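Student: Okay, here's what each chain looks like letter by letter:
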Amino acid sequence: MFDMIFAGLADALSLANLLFVLLGVVTGMIAGAVPGVNGPMAIALCIPLSYYMSPVAAIGFLVGLNKGAFFGGAISGVLLNTPGTPESAATTWDGYPLAVEGKGEKALRMALYASVTGDAFSTVVLILVAAPLATVALYMGPPEIFALICMAMTIIAGLGTKSLLRGLMAAALGVLTGCIGIEPVSALPRLTLGITQLERGISLIPIGIGMLAFSEIIIQLEQKLRSSQGQGPMNFSSRPEDRFVSLKEYWACARTLLRSSVAGTVVGALPGLGAPVASFFAYDQAVKHSHRPESFGKGNLEGIAASESANSAVVAASLIPLFTLGIPGNVAAALLIGAFVIHGMIPGPLMFEQNAQFIYSIYGSLIVANLFLLAVGRMGLRAFCKVVQVPAAVLYPIIIFTCIMGAYLAQYATFDVTLMLVFAVLAYFMRKFDYSFICLIIGFILAPIWETSLQQVIIASEQDPYMILGRPVALALLALSAWIVARSARQGRVSRNEA
Amino acid sequence: MTNVQSENCGYGGMIAASLLLLLWLIPSYSPEYPGYGMSATLVPNLAAGFILLLALLGLTRNMLKARRLSRSGEAAGAGAASAAGVAWGHLLRFMLPCALLMPAMSRLGFIPSGVVFMLLVQWFCGQRKPVAMVLVALVPVLTVWALMRFALGVPMP
Chain S
943 MFDMIFAGLA
953 DALSLANLLF
963 VLLGVVTGMI
973 AGAVPGVNGP
983 MAIALCIPLS
993 YYMSPVAAIG
1003 FLVGLNKGAF
1013 FGGAISGVLL
1023 NTPGTPESAA
1033 TTWDGYPLAV
1043 EGKGEKALRM
1053 ALYASVTGDA
1063 FSTVVLILVA
1073 APLATVALYM
1083 GPPEIFALIC
1093 MAMTIIAGLG
1103 TKSLLRGLMA
1113 AALGVLTGCI
1123 GIEPVSALPR
1133 LTLGITQLER
1143 GISLIPIGIG
1153 MLAFSEIIIQ
1163 LEQKLRSSQG
1173 QGPMNFSSRP
1183 EDRFVSLKEY
1193 WACARTLLRS
1203 SVAGTVVGAL
1213 PGLGAPVASF
1223 FAYDQAVKHS
1233 HRPESFGKGN
1243 LEGIAASESA
1253 NSAVVAASLI
1263 PLFTLGIPGN
1273 VAAALLIGAF
1283 VIHGMIPGPL
1293 MFEQNAQFIY
1303 SIYGSLIVAN
1313 LFLLAVGRMG
1323 LRAFCKVVQV
1333 PAAVLYPIII
1343 FTCIMGAYLA
1353 QYATFDVTLM
1363 LVFAVLAYFM
1373 RKFDYSFICL
1383 IIGFILAPIW
1393 ETSLQQVIIA
1403 SEQDPYMILG
1413 RPVALALLAL
1423 SAWIVARSAR
1433 QGRVSRNEA
Chain G
126 MTNVQSENCG
136 YGGMIAASLL
146 LLLWLIPSYS
156 PEYPGYGMSA
166 TLVPNLAAGF
176 ILLLALLGLT
186 RNMLKARRLS
196 RSGEAAGAGA
206 ASAAGVAWGH
216 LLRFMLPCAL
226 LMPAMSRLGF
236 IPSGVVFMLL
246 VQWFCGQRKP
256 VAMVLVALVP
266 VLTVWALMRF
276 ALGVPMP
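Line by line, the protein sequences give chains S and G.
Take 943 as the starting number for the first sequence in this note's numbering and just add one per residue.
Take 126 as the starting number for the second sequence in this note's numbering and just add one per residue.
Be aware that a few hints might be false.
Stated by the list, open to error - To give a feel for the contact side, a few chain G residues facing chain S, derived at Cβ under 8 Å:
hint	residue
1	Ala173
2	Gly183
3	Val211
4	Phe219
5	Cys250
6	Val261
7	Pro282
Unchecked claim - Dumping the calculated DSS-like pairs for lysine-lysine here, alpha-carbon to alpha-carbon at most 25 Å:
hint	chain 1	residue 1	chain 2	residue 2
8	S	Lys1328	S	Lys1104
9	G	Lys190	S	Lys1104
10	S	Lys1328	G	Lys190
11	S	Lys1166	G	Lys254
12	S	Lys1166	S	Lys1374
13	S	Lys1190	S	Lys1230
14	S	Lys1374	G	Lys190
15	S	Lys1190	S	Lys1328
16	S	Lys1240	S	Lys1190
17	S	Lys1230	S	Lys1240
Note that these hints are calculated values from the structure, not bench results.
Note that the coordinates shown come from a computational prediction; the quantities given were computed from them, not determined experimentally.
Using N, Cα and C, we set each Cβ at its ideal position, and we do this for glycine too.
Can you build the whole structure from these sequences, using the hints too?
Tutor: Right under this line is the structure:
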């Protein structure tokens, strides 16, 4: 046991891994700082590059990227009042007023310390909770897994989207997409339309790049070309008290940091809710518990601390359902599944038995990434602030070219580029008609596990799928799904009537 | 187009797609039942059927709501806000060069096609400064080319 822990930590602390984690953090911070580019988008673009790294370095790089992007999102939010990522929106409410007063650097330092605190908290929770939960999860059979995936998809569609109906439809569309390729029982092609390249199935990379990155850029270009934005450079005050966060100021936010970190960890561990929910919830709680609620929205450091610690706590917490159940907590975790699979590992409870050393090396990488985030953030804050001033006309063509080459690099197949473009167009229409493409991606990832568990249930029960209802845990999970559907439907009806 | 019209349009598209899947694509492009386990069409049929059911539900809900509003004389009620439309020209302007890039690369070579593509996309993005255009066209293309050729040893498209 301890041998594995030490071996895993040694892997995490190898020079190559440290360099890749550092590269991931820096790239993530740059990507997050650019308005419109977010962590999942950066992960989707960089997964093809991770092919050329060792498994530990690849996951370390992607985890570092995700962490860096979460903090990077605050830079454009604070300096331009344009959040780089959705989860940084609450940070701008107090960050931008401070930046206007010339205290942008102070606001960003508070965001950095809060991010590191939230992240450290959720990493500790992940380390303590994941292994015992995985042991419990190992007792789950195919009926429970089938019911669990039904519940996960319902939660993601019901709580993570505006419309449960459209969220469920998108998830079903993802399941259909996941059915394309070789059918597991007969080993014959299914839904391939006679196209040979589809017989190996659709890889996550063209879907991820097309739906998360390419379609986002097309949508943003559409908005930017309609309204040209001019943003002057932000001035920083040179007074030390306007630049640095004192220990007293940090300590004054300790309760908010702890409360928000707990909120972010809980929200992150639940599939589908995501970092924006965590940051808005934490901000709301910070206002409610404050002695000076009127100061929020006018440059209160506690507001920044609440939002940033909560959204950063989601990063490690979203790995809890991934490691214990094989279910992604959010879209970044879903993309990490793709990276795991590329390196021959299937996330889930069995990982703790089959690849325990690898798990410990990921834990090590998470801790190292957090330390790098703190160090790089402290040293290079001014430099990262320059990134927000790169014009869209320079940046977006580079991202478009990177999308195309990233899709090609996954399997050296031009067909993957075509698929990426098809999914980009699909995501464009889904955004326009308000369907969640996140649900589609999660449905696509969970489809093979869902189908296999249903197959096993049918074989074990001799063609009687209703045996699922005879298993108490599976029945409870299905009942919970039904309750979520009913609750979301009722809430939807209430909000429509109010509108 | 109002939000409700946009929703109905989406539901209509989903109904058409699911019918196409249920009636033609799934039966035509799925292997036959091997005689054990479950049929290869079960999961796709379940998913497509689910989409059809939900889309019909959504459409019916919107129609009932519209009828209720028209009866009570609230024509301009909820959902009358305009939805963002599809910018076909914008979509085509960016998708077409991207779709043509790979065939162009295999015929004309990676660097010339990549540079022309980057110049074109920059023009569409509103870039009008010649020096910046040339630099942004050359640097990423040459970097990716060098990376693929010398660092990763990847076959060129």
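Student: Next step is simple, just say for each hint if it's right about the structure.
Tutor: Tested hints:
A distance limit of 8 Å between C-beta atoms decides the matter here; for Ala173/G the minimum to chain S is near 6 Å, and the interface restraint holds. With 8 Å as the threshold, the beta carbon of Gly183/G comes within range of chain S, its nearest partner Cβ sitting at about 5 Å, so the hint holds. Nearest Cβ of chain S to the Cβ of Val211/G: about 5 Å, under the 8 Å cut. The hint holds. The criterion of a C-beta within 8 Å of any C-beta in chain S is met by Phe219/G, whose closest approach is roughly 6 Å, and the hint holds.
Hint on Cys250/G holds. Least Cβ distance to chain S is approximately 4 Å, under the 8 Å limit. The restraint placing Val261/G at the interface with chain S holds, with a minimum CB-CB distance near 5 Å, inside the 8 Å limit. A distance limit of 8 Å between C-beta atoms decides the matter here; for Pro282/G the minimum to chain S is near 6 Å, and the interface restraint holds. Using a Cα cut-off of 25 Å, the hinted pair Lys1328/S and Lys1104/S is violated, with the two alpha carbons roughly 35 Å apart.
Among the hinted pairs, Lys190/G with Lys1104/S is consistent with the structure: their alpha-carbon atoms are about 19 Å apart, no more than 25 Å. Proximity of Lys1328/S to Lys190/G is assessed by CA-CA distance (about 51 Å); at most 25 Å being required, the pair is judged violated. With a C-alpha separation of about 18 Å, the suggested pair Lys1166/S and Lys254/G falls inside the 25 Å cut-off, and the hint holds. In summary, the hint linking Lys1166/S to Lys1374/S is supported, as the alpha carbons are separated by about 16 Å, within the 25 Å threshold.
About 22 Å separates the Cα atoms of Lys1190/S and Lys1230/S, which keeps this hinted pair within 25 Å; it holds. Simply put, Lys1374/S and Lys190/G have alpha-carbon atoms about 22 Å apart, close enough for the 25 Å limit, and the pair holds. Using a Cα cut-off of 25 Å, the hinted pair Lys1190/S and Lys1328/S is violated, with the two alpha carbons roughly 29 Å apart. Between the alpha carbons of Lys1240/S and Lys1190/S the distance comes to roughly 20 Å, so the proposed pair stays at or under 25 Å and holds.
Of the pairs offered as hints, the one joining Lys1230/S and Lys1240/S holds, with about 16 Å between alpha carbons and a cut-off of 25 Å not exceeded.
In this structure, the hints that do not hold are numbers 8, 10, 15, in rising order.
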